[in-house]
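Protein sequence lines, in the order shown, are assigned to chains A and B.
Counting from 1, position 215 in the first sequence corresponds to residue 215 in my numbering; the numbering is continuous, with no gaps.
Counting from 1, position 254 in the second sequence corresponds to residue 254 in my numbering; the numbering is continuous, with no gaps.
It should be emphasised that the hints constitute simulated quantities derived from the structure, not laboratory data.
All figures in this text were calculated on a predicted structure; none of them were measured in a lab.
Incorrect hints may have been included.
If you only want the chain B side, here are some residues facing chain A, beta carbon under 10 Å, derived [as the list claims (entries may be wrong)]:
1. F199
2. N203
3. D206
4. G207
5. A209
6. K214
7. E230
8. V231
9. Y241
10. A264
11. R269
12. L270
Derived DEER-like restraints, expressed as beta-carbon distance ranges [what the hints assert, rightly or not]:
13. T108(A) <-> R21(B): 45 to 53 Å
14. H107(A) <-> E101(B): 30 to 38 Å
15. H59(A) <-> L274(B): 24 to 32 Å
Think of the CB as a built atom: it goes at the ideal place given N, C-alpha and C, for glycine as much as any other residue.
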Amino acid sequence: MALKDFALRLTHKDEGERLYAVHDIMDANIKEMIPVLIEQLEKEESQAVRDAIVSALKHMEMSITPYYERLFGLFFSPDAFLRNAAVSIFGSGKEDAVAFLTSKLDHTDREVRKLILDSLVDIGTPEAIMAIRAAIYDPAKNVQITAVEYLGRLGDREALEDMIELFRKDEEPMLRSSIVNALTEIGDSSVIKELLIILAPDGKVSDINTVLLPDVMRMVARLGNINEIRELLNSFPYQKIYARDVANFILEAVRRFPLLKDSEEVMGLMTAIINDPEVDEDIKNFCEELQNE
Amino acid sequence: MNDYRLTPDEFQRFADLIYRRTGIKFEQKKMYFVAKRIEKRMEELNIENPLEYLRLIKFADSNGGEFQNLVNLLTVNETHFFRDFPQLQAFAEHCLVQVVENKNKKGDGTIRIWSAGCSTGEEPYTLSIILHEMLEDISAWQIEILATDIDLNALKKAEEGVYESRSVKDVPPEYISKYFIRFKDKYIIKEKVKNLVSFEHLNLFDGQAIRHKKGFDFIFCRNVLIYFDEVSRRKVVDHFYVALAKGGFIFLSSSESLSRITTAFKLKRLGGHLVYTKE
Chain A
1 MALKDFALRL THKDEGERLY AVHDIMDANI KEMIPVLIEQ LEKEESQAVR DAIVSALKHM
61 EMSITPYYER LFGLFFSPDA FLRNAAVSIF GSGKEDAVAF LTSKLDHTDR EVRKLILDSL
121 VDIGTPEAIM AIRAAIYDPA KNVQITAVEY LGRLGDREAL EDMIELFRKD EEPMLRSSIV
181 NALTEIGDSS VIKELLIILA PDGKVSDINT VLLPDVMRMV ARLGNINEIR ELLNSFPYQK
241 IYARDVANFI LEAVRRFPLL KDSEEVMGLM TAIINDPEVD EDIKNFCEEL QNE
Chain B
1 MNDYRLTPDE FQRFADLIYR RTGIKFEQKK MYFVAKRIEK RMEELNIENP LEYLRLIKFA
61 DSNGGEFQNL VNLLTVNETH FFRDFPQLQA FAEHCLVQVV ENKNKKGDGT IRIWSAGCST
121 GEEPYTLSII LHEMLEDISA WQIEILATDI DLNALKKAEE GVYESRSVKD VPPEYISKYF
181 IRFKDKYIIK EKVKNLVSFE HLNLFDGQAI RHKKGFDFIF CRNVLIYFDE VSRRKVVDHF
241 YVALAKGGFI FLSSSESLSR ITTAFKLKRL GGHLVYTKE
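Hey, can you work out the whole structure from these sequences and the hints?
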């Protein structure tokens, strides 16, 4: 079939015909049709055909590398589907896609830089992880937070030191929260000490920023040794807004160290939750069940 | 009995061929399952070397008969009547009612259902029974239940319509006497149920054959897509999209999520059930 026939079928008034044109182009691996597919993706109204084009561009055996610049243009589209489509198409790429996206990481638009990270995390190769690591120093907070979150998700232990350093230098609570969460995924008990020294230099848990306290509790419960957990339990200033976090903390701590269940600290906190009239019933029930076990 | 033992490399060559021709993907972890079935065919044909058997189905199987024999063994046909009752309830009490209402308004007296991957026929016959129960005057409707499968042996059994007691274990007792004839320990489907159903041999991966299927009000494709990899699954679902009429409904098994494959269908809540429809 001639290229112009494929192009005609792609713009046929019948939705099914357009859908099958995409299938046929994909099966025949026609390189010349790649820019036509991208163009059709931008103007196509049928969701089924749009989905099929995205799938074709992701899975065609023919390399779509020469059309990356064209595809990159979709990152600026006002249509969220097209932006996400570009993310997922780049995300199915490998080294070429990483090289191209990395070269764009200094783009002036922070939303575009964030979309680049979305693609890189999907690619997930060591080269992609390196590029994401560089983005933790991005001038935009949303990009930094995204980079930190993705490094945690990808289990990048090589980013540990950089993240702790960033935590030390930058006091923005949301960024710090994302670092604590990432370190919870990839760190070990040694990071607890380093972070607590920064957050509470005098050793008082009450000095920790209230926004960060639930994240810190989760990290200590997951990574801390029994002494660190006990220390936090002892110095924790119970307030009802933390009831759910405390319950989760106890659940994880007791799972790791069953002996803690009958400790004074755990019993005391659970009793405080049970007796608090403003705490949700499901949290109270959990504490009662644990106490009666 | 000979011990053939497929090597991982041989397995991969078979798996690649099966995938190319049927879209069905067998991962390495399924090696034992596939190997046992290949061995069975080799024994039948008195072939001792797996590569010899591979050559046979690749180059010396002009009508595809031997490849079909292998596919018949590789597809699992475990099913029963009224499988996944809550889903059928959604079909009967909500989706069918809605389609019938729309058809009545338009003066359209047809109902078309496609049971894709019908196996030994339990699903299309279940749907036929439901239509008999739900439609006030079934004779006033022109009904077609197209039942297709890749497995010829399963289709043959489906056309016979004779079942063991385990196949009918979930059939409401009042339907047994109404829609089955009991003969010794067998359950034979009655003609009025059979009459609505037509069977066809179809490979869902055969894009050209499947493109002719259009205008269905309902498509059932339960526990079939699990055999396909991501790309083939997408293509098959695209075919279903084209084959389904606007306002029609598609049913996968409860464990399969259509929204992970395509966003083209709309998820609707009907009477407490979530169903996919084409708007």
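Status of each hint after checking the structure:
no.: 1; hint: F199; result: 25 Å, violated
no.: 2; hint: N203; result: 15 Å, violated
no.: 3; hint: D206; result: 12 Å, violated
no.: 4; hint: G207; result: 6 Å, holds
no.: 5; hint: A209; result: 13 Å, violated
no.: 6; hint: K214; result: 8 Å, holds
no.: 7; hint: E230; result: 8 Å, holds
no.: 8; hint: V231; result: 5 Å, holds
no.: 9; hint: Y241; result: 5 Å, holds
no.: 10; hint: A264; result: 3 Å, holds
no.: 11; hint: R269; result: 20 Å, violated
no.: 12; hint: L270; result: 21 Å, violated
no.: 13; hint: T108(A) <-> R21(B): 45 to 53 Å; result: 51 Å, holds
no.: 14; hint: H107(A) <-> E101(B): 30 to 38 Å; result: 53 Å, violated
no.: 15; hint: H59(A) <-> L274(B): 24 to 32 Å; result: 28 Å, holds
Checked against the numbered hints given earlier, this structure breaks hints 1, 2, 3, 5, 11, 12 and 14; the rest are met.
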